[in-house]
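Peer 1: Chain residues, written in single-letter form:
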Amino acid sequence: MAEKKWMPRWFYQLASPRWCYQITGKLLPIFAVAALILLVGGTAWALIYAPADYQQGNSFRIIYIHVPSAILAQSCYMMMAVAGAIGLIWKMKVADMVAKACAPIGASIAILALATGAIWGKPTWGAWWVWDARLTSMLILLFLYLGVIALNSAIESEQTAAQATAVLALVGLVNIPIIKYSVDWWNTLHQPATFTLTERPAMAMEMWLPLLVMVIGFYCFFAVVMMLRLRNEIIQRERRSSWVRELISG
Amino acid sequence: MTNHPAEKIAVRDLKVDGPFWGALKRDLLLSYRRKSDLINPLIFFLMVATLFPLGVSPDSVFLAEVAPGVVWVAALLATLLSMDSLFRSDFEDGTLEQLLLSPQPLFMVVLAKVLAHWMLTGLPLTLMAPLLGVMLFLPADGMSGLVLSLLLGTPTLSLVGAIGAALTVGLRKGGVLISLLVLPLYIPVLIFGTASIQAALTGLPVGGYMAILGAMLALGLIMAPLAISAALRISVSG
Amino acid sequence: MSTPRLKIENLFCERDDRILFDQLSFDVNEGEVVQIEGQNGSGKTTLLRILSGLSRHYEGDIYWQDVPIHSCAEAFRESLLYFGHQPGVKAVLTPEENLRWFAAMHPTIDLSKLDYALAKVGLTGYEDVPCHTLSAGQNRRVSLARLYMSNAPLWILDEPFTAIDKKGVAQNEALIAEHAEQGGTVLLTTHHELAMGDLIRRVNLDQLAGTS
Chain A
1 MAEKKWMPRW FYQLASPRWC YQITGKLLPI FAVAALILLV GGTAWALIYA
51 PADYQQGNSF RIIYIHVPSA ILAQSCYMMM AVAGAIGLIW KMKVADMVAK
101 ACAPIGASIA ILALATGAIW GKPTWGAWWV WDARLTSMLI LLFLYLGVIA
151 LNSAIESEQT AAQATAVLAL VGLVNIPIIK YSVDWWNTLH QPATFTLTER
201 PAMAMEMWLP LLVMVIGFYC FFAVVMMLRL RNEIIQRERR SSWVRELISG
Chain B
1 MTNHPAEKIA VRDLKVDGPF WGALKRDLLL SYRRKSDLIN PLIFFLMVAT
51 LFPLGVSPDS VFLAEVAPGV VWVAALLATL LSMDSLFRSD FEDGTLEQLL
101 LSPQPLFMVV LAKVLAHWML TGLPLTLMAP LLGVMLFLPA DGMSGLVLSL
151 LLGTPTLSLV GAIGAALTVG LRKGGVLISL LVLPLYIPVL IFGTASIQAA
201 LTGLPVGGYM AILGAMLALG LIMAPLAISA ALRISVSG
Chain C
1 MSTPRLKIEN LFCERDDRIL FDQLSFDVNE GEVVQIEGQN GSGKTTLLRI
51 LSGLSRHYEG DIYWQDVPIH SCAEAFRESL LYFGHQPGVK AVLTPEENLR
101 WFAAMHPTID LSKLDYALAK VGLTGYEDVP CHTLSAGQNR RVSLARLYMS
151 NAPLWILDEP FTAIDKKGVA QNEALIAEHA EQGGTVLLTT HHELAMGDLI
201 RRVNLDQLAG TS
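Protein chains in written order, with UniProt numbering: chain A, 1 to 250; chain B, 1 to 238; chain C, 1 to 212.
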């Protein structure tokens, strides 16, 4: 009897998580295939066909990983903060889940950007780590991600955790431009006229195109991982609803 | 000496304080009654600064060079250390609930609490900083920059730190977590704070740095109380 | 017919995967004392925290004088006196300082009744003593003194009689009854048997909850 009484409420509540689960189920293969083609094709293009840099030789080719991951790490933070804000203002459950799914992905990508930066740094500067403005900003971005993840895991109530991390992510979003500006400024103060990673003379078209392909490929890859995590989260949170039960048993 | 209740009533002033002044007065009174809380961050400040000569080198040339950074990092850590208690005792004894249920604007009450926190940590740290400057052989030219930058920078540290404190007030162990949340956000203040002292040391004008520190403070004054209020409501709700 | 002061419609709340109440609806009118009943863990405190606006982990609608509670938050808080699990008393402050702070935060608390209220709760002579030297019961009395100073129409009281002696309970009951007679509204939980008889309406969470 209780089940019957429940139906309308569950239906209302679940309308959007369920819809999200279904729509991501359809989108997932498309993005997976796109990511695979773009990343494999882009990598081949970047490593084999793109010309070597006249200054750095072949070592520059790591930018095809470094630059897309650096861009993606920043966009991911933005997405996390915006999703968190939507969840905070309109109490939208799915937005909370998107924000929660973003944090670990963003942190991993920031680590990837830092690691590739370090690997690139070795032949370029002769050291694994240089306090370059962009690398330092990326490191601070990683700290911001780690703070969000730590806060989220420290709070037991899912709803409270989602709201609290949303506030933190928004505070971080306001701060990112200030941090970036101050780090850039700090860098020019301490290391005038050093060679920076991406502020280079205009890139040749044949170098630039594979980079574009890689960036789009990274975004597609992000979408795939994002949707996988989101679907996981939906299933986990809605585990007591009838449609998830059917899904699991069926 | 007579002490009739009636006499007492006649003497007593029953004027109700406004929300800002009431909250400020209460927090100042609270820490006046628990003086150890007032002194602990200052001792910590002194100790951290002592670790550098011991851990690295007591060479005066070297210390003079790192002094701005050391004093600023120590001030930042001392502020952070005192942050956790900002809302915690209020949360534990139920006064935070009463504060959130007040029809008074939470923005003003929160601002008053942060101001009280700054008056009890940031301001004493600023006043004590020249002592550390002397211990670390900071040349006299840098002293004004040191005090001025701390005067403008530490309120921002209190404001931003209070966001972390508000987010973690519902958690049993907030201390380490606050540092994790807040330290990255402190970086701009640290950069411009130390840079202004460097500028003062090399004889460059410090006006620009102070303007930037002031701008960050202004932004913090407007934005941080909003975030703190939202965070408090979320933490108490959970 | 006049509109109910507080209208609760289809309230739903779950905690840690457990449904505390579901489709909970009731009205509270002027001059009513409503006692929320239920066994331990049935969500009495949670319900009072939701109704006071502290907790927002619920679904459903709450109306204050026919306006949704979230769109009249300030007006609602102006009409509310909340007594929670923690009495909200600062241990290092004196009873008087505590009540002055309450008055600064809540304009409905009339500070001119300070001495009257302290006398009523039996704390005359303790005005200038820090609260940590007082007993648990006396600390709660400091917070209860607000009831004697309050002009707020709605009182939400969570276990107001814990650690209060018999005489104090009887006094406070009389105060609650008086508040209701003057058109006030009281929502409370208590383990005490209240001797107010017909004045009290009971809402039982065990029966109302959607537990199956």
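Because the hints were derived from the structure by calculation, they are not lab data.
Just so we're clear, the structure is a prediction, and the values are computed from it rather than from any experiment.
Be aware that a few hints might be false.
In silico DSBU-like pairs for lysine-lysine, Cα to Cα no more than 30 angstroms straight-line [claimed, not checked]:
id	chain 1	residue 1	chain 2	residue 2
1	C	K167	C	K113
2	B	K15	C	K7
3	B	K25	C	K166
4	C	K166	C	K120
5	A	K91	C	K7
6	B	K15	B	K35
7	C	K166	B	K15
8	B	K25	C	K7
9	B	K15	A	K91
10	C	K166	C	K113
Peer 1: All hints are to be evaluated individually against the structure, with a verdict given for each.
Peer 2: Hints, verified against the model:
no., hint, result
1, C/K167 x C/K113, "21 angstroms, holds"
2, B/K15 x C/K7, "36 angstroms, violated"
3, B/K25 x C/K166, "36 angstroms, violated"
4, C/K166 x C/K120, "14 angstroms, holds"
5, A/K91 x C/K7, "22 angstroms, holds"
6, B/K15 x B/K35, "27 angstroms, holds"
7, C/K166 x B/K15, "34 angstroms, violated"
8, B/K25 x C/K7, "38 angstroms, violated"
9, B/K15 x A/K91, "42 angstroms, violated"
10, C/K166 x C/K113, "24 angstroms, holds"
The structure shown violates the earlier hints numbered 2, 3, 7, 8 and 9.
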